[in-house]
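Chemist: Same order as they appear, the protein sequences are chains A and B. According to the numbering used here, the first sequence is numbered sequentially starting from 1. According to the numbering used here, the second sequence is numbered sequentially starting from 1.
Just so you know, the hints here were simulated from the structure itself, not pulled from any lab data.
The list that follows gives simulated cross-link-like pairs (lysine-lysine, DSSO-like), each with its CA atoms no further than 30 Å apart:
(1) A:Lys86 - A:Lys326
(2) A:Lys239 - A:Lys291
(3) A:Lys282 - B:Lys365
(4) A:Lys282 - B:Lys373
(5) A:Lys127 - A:Lys163
(6) A:Lys239 - A:Lys224
Label-pair ranges, simulated between beta-carbon atoms:
(7) A:Pro134 - B:Leu105: 51 to 61 Å
(8) B:Thr70 - A:Asn308: 23 to 33 Å
(9) B:Lys493 - A:Ser380: 53 to 63 Å
(10) B:Leu105 - A:Val187: 36 to 46 Å
(11) B:Ala61 - A:Glu228: 36 to 46 Å
(12) B:Ile101 - A:Glu228: 31 to 41 Å
(13) B:Ile101 - A:Ser201: 25 to 35 Å
(14) A:Thr351 - B:Leu88: 44 to 54 Å
(15) B:Ser80 - A:Gln146: 41 to 51 Å
(16) B:Ala356 - A:Ser201: 32 to 42 Å
(17) B:Gly54 - A:Leu343: 56 to 66 Å
(18) B:Phe371 - A:Lys282: 21 to 31 Å
C-beta: ideal position from N, C-alpha, C; glycine also.
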Amino acid sequence: MSASVFHWIALLFSLALTACSASPAAAPPTVVVAVSGAENSPTQTQWDQTLAAAKQEGAVIVSGPPGADQRQVIADGFHAAYPDIKIEYTAGRGTEVVSKVVQERQAGQYLWDVIIASTDPTIFSLKPINALAPLREALVLPDLSQDSTWLSGFESGFTDEDKKYLYAPFASTTTVGYANWDCLSNVQFTSAQDLTSPSLSDRFAWFDPTQPGTSSRTAWALSKEYGEPWLQGLLTRQKIIYSTDHRQITDWLIACRVALALGIVNDFILQAQSAGIGQNIKPIPMSLVFKSYAPGGAGGNTQIAWYNNAPHPNAAKVFINWYLSKDAQQALATRTRTNSRRLDTQPGDPTTALDPNASYLNTNTEVATREIQALEQKLSAWMGK
Amino acid sequence: MDGQVGTRRIASARAGHVPPGVKRDSGLFEIPGWWARAAGDAPWPTAVFVVVAGLVIAPVAFLVVNSLQTAAPGLVPQWSFANWTRALSDVRLWSAVWNSIRLYLAISVFSWPIAILVAWALGRTDLPARNWLEFMFWLSFFLPSLSVVMGWIVLIDPSFGVLNQLIRQVPFVHATSGPLDIYTFWGLVWVHLGQNAIALKVILLTPAFRNMDATLEEAARVSGQSTLGTLKSITLPLIAPTIAIVFLLSFVRLWQSFEVERVLGVPQRFYVYGTRLYELLNQSVPDYGAATVLSCLILLAIFPLLVVQRRIGFGRSYATVTSKFKPQPVRLGRARWPVFALVLGVALIVSILPMASVTMGTFMKLFGYLFIKDPWTLAHWQQVLAEPVFASSLRNTILLAGGAAFLSAVLLTITAYILVRTRFWLRAALDVITWFPQALPGILLGLGFLWLALTPLLRPLYGTILLLVIVTVIGGMTVGVQILKGNILQLGKELEEAAQVCGATWTATLRGVVLPLLAPTIALVATLSFVAASRDVSNIILLSSVQSRTLALLQLDYMVAPQWESASVVSVIMIALSTGVAVAARAIGLRLGLRSDIH
Chain A
1 MSASVFHWIA LLFSLALTAC SASPAAAPPT VVVAVSGAEN SPTQTQWDQT
51 LAAAKQEGAV IVSGPPGADQ RQVIADGFHA AYPDIKIEYT AGRGTEVVSK
101 VVQERQAGQY LWDVIIASTD PTIFSLKPIN ALAPLREALV LPDLSQDSTW
151 LSGFESGFTD EDKKYLYAPF ASTTTVGYAN WDCLSNVQFT SAQDLTSPSL
201 SDRFAWFDPT QPGTSSRTAW ALSKEYGEPW LQGLLTRQKI IYSTDHRQIT
251 DWLIACRVAL ALGIVNDFIL QAQSAGIGQN IKPIPMSLVF KSYAPGGAGG
301 NTQIAWYNNA PHPNAAKVFI NWYLSKDAQQ ALATRTRTNS RRLDTQPGDP
351 TTALDPNASY LNTNTEVATR EIQALEQKLS AWMGK
Chain B
1 MDGQVGTRRI ASARAGHVPP GVKRDSGLFE IPGWWARAAG DAPWPTAVFV
51 VVAGLVIAPV AFLVVNSLQT AAPGLVPQWS FANWTRALSD VRLWSAVWNS
101 IRLYLAISVF SWPIAILVAW ALGRTDLPAR NWLEFMFWLS FFLPSLSVVM
151 GWIVLIDPSF GVLNQLIRQV PFVHATSGPL DIYTFWGLVW VHLGQNAIAL
201 KVILLTPAFR NMDATLEEAA RVSGQSTLGT LKSITLPLIA PTIAIVFLLS
251 FVRLWQSFEV ERVLGVPQRF YVYGTRLYEL LNQSVPDYGA ATVLSCLILL
301 AIFPLLVVQR RIGFGRSYAT VTSKFKPQPV RLGRARWPVF ALVLGVALIV
351 SILPMASVTM GTFMKLFGYL FIKDPWTLAH WQQVLAEPVF ASSLRNTILL
401 AGGAAFLSAV LLTITAYILV RTRFWLRAAL DVITWFPQAL PGILLGLGFL
451 WLALTPLLRP LYGTILLLVI VTVIGGMTVG VQILKGNILQ LGKELEEAAQ
501 VCGATWTATL RGVVLPLLAP TIALVATLSF VAASRDVSNI ILLSSVQSRT
551 LALLQLDYMV APQWESASVV SVIMIALSTG VAVAARAIGL RLGLRSDIH
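Could you put together the complete structure from these sequences and hints?
Modeler: Okay, structure coming up:
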């Protein structure tokens, strides 16, 4: 073997060893939650007993949304708060995690304690097989179930019809889309009706609304505001550019290849703006599009539920109480730019914070989710897919 | 008498039997008596068949049965053909099928001639630096598809593509967008060509060309044939089995391709079979039943092609590596440097350009944006290397990919040998079975294995890296078995017969004669398995646990975040890992295998 090849292999090996032994340059912020109640109160006693039992169990098995930020706040944050309870955190798309859970439970294997996910997979796959336990049974700390703790009260956080299983501690308005106002100089856009205007032909992008997520919820909200025939007309007659990639649409917006984009997330936009470009890309004002109710409310992929027959029920309770606590909620809100419904936290994204005096059309409830799923089938046909 | 004994030994060896009077096994393992009685005179082939068939058919059977089940997951089963009728009566499906066929034909028209010429130049001629050029095509295979697609978008997006911007600077070009447009049918074709369509064919065909016997070509040239004429009339027919295998592999792979089409096809409303499959699996409740139906269609579609491929492979002898093997490369003469420039150009387009783009992206604040203030940064590398789970993910990746490479090298070599060299009565069935995994999307195969892994037999493996190794090996077995089959067909039988006549056992012949000749190909298969396993997400996502998280799953985390640039850092690390392994494997393989020195 030639010397040059050896040198190359040695270089690669050194890189691998360096990577393996690299010490963290900057640890993510940890959240040490001080959960307290009055000394010797029944609540404190119950909490102490639960915590002691949880430490005996020694572990909690949690699945949550993919994303480095979520993983670091949830997994590392819980570990810092309760180092005696090992957290095994699996990040993945809700549909994949739930497919796995359903198969396991069919085989008589109960391997999970807590799920953090959006409405769709939980409601469509877990609820029908009675896999979930009522969340109230997990809440030990009294402030968690008090109306004074939460925006619009405690009950409004449940997104399932029974108001028992799936709880959404985060809430925000649904940003319909973004516009690059630098590219709209010769285009009239003063209301949603202008979306059908020929001047927007081929200048208007939409994240594939047949995919579950913000985009399909936006489509549903538009159908509620303007009716399905209007939505069908928009999709069949307007020349819309579809994509299944948020980054791709953001690049188009920046380059003015499109002037408007519906259903995209703002992460790439914020990255671009922090690098000095796309400064005039802003959310489409709700008032331009929705006259009745703007879409928004409790939801997202950070809703929490727990399983019956959980292998570590007490550790699960400790985790859930920690997850819903002020400090954990604030850490998640800040890190992932979302807004907790806890009234004692600051919004992570003030532009999408709910107005407590306004009414919203919640696109994340079980009822809405079923309607959205039915609409996705129609959208596919209207789009000519 | 000795000749009769030798003839009997040869006949027995060809039948896959270990005849009486010959040491049953002086190699690695003793065969238990109960197994020898159950499997008759073909204990090893039967054992391999049971293992391979079990690990492939069980999950596939589960999926097919599940496609007839129409109740929601976890509820009381209801059986009907509803999934089948729904999937097959969808007009959009047939439109997607037609688009896939069009795309395949367009890609093939360009990729086959280019790949054959390049592979011939690399494997049969005195092209300078041909080993390094060949390696550049391997590098192309290591690159993640989405990163490559994004790299090409940066270059030829009609609005902001760098190449388009440069072209529009030319005085006589008056255009406000384009002229190159990646969001067209031909843009799709170009990206496929620049991605794997040419590179994979070159990787698979070059070893077959390298194993050509120069005496056959010399005879043609002495008879007045030109170099290209010899290629057409002698060389290509002799590697027909390998070409048939590569054709089938590329045909099946295209049906599952969806990454490129998702990014470039959806904006122009060009939907293919793979995007249809992808949609079914990404609904609120994944439609595994309908997705299985579509996968079964692929299996049915390739079945007649499999029959043709077997007829080509076993209709006559394609042995080129014989006792009189002469590895003399063809001298290109004056064409040497022009051919070198052509091959280098192709290699640069398929590997160096996208590799540079992906690597550059890891140091950019915003991938693709060169003209912003302070575009460069080390922050993404710092973030990834400081990630608390990075070290464990790297370790798991090395274990998974290394295990897959080793297991592939052993299992797939034995499987391919049984298919080609023995008369094992189930070898046709085994050949067909090895194609099943290729027809299934990874997530479906993963679902099938999830069911299998939850049975009492495999339950102890659930959540372990060993299970992931098995799944990735099975998921990639089609490519490995077919490559090895093509190469074994080129080995003359008299080489093994000579060893057996001299008294060598079957395992001794395998170790001393066959394996050294196959060494470069085994190294290739092991490398491909390593790369595939290190990048695999879809096969393992339903089976992995916190303890078995790999770099590919960490990369997925970043992509969803979305932190593209950090995801690219993980890609580059995986590419570096694969490159190191490929360099070592090639060095070992080429050292042990046939040499083609210039005299």
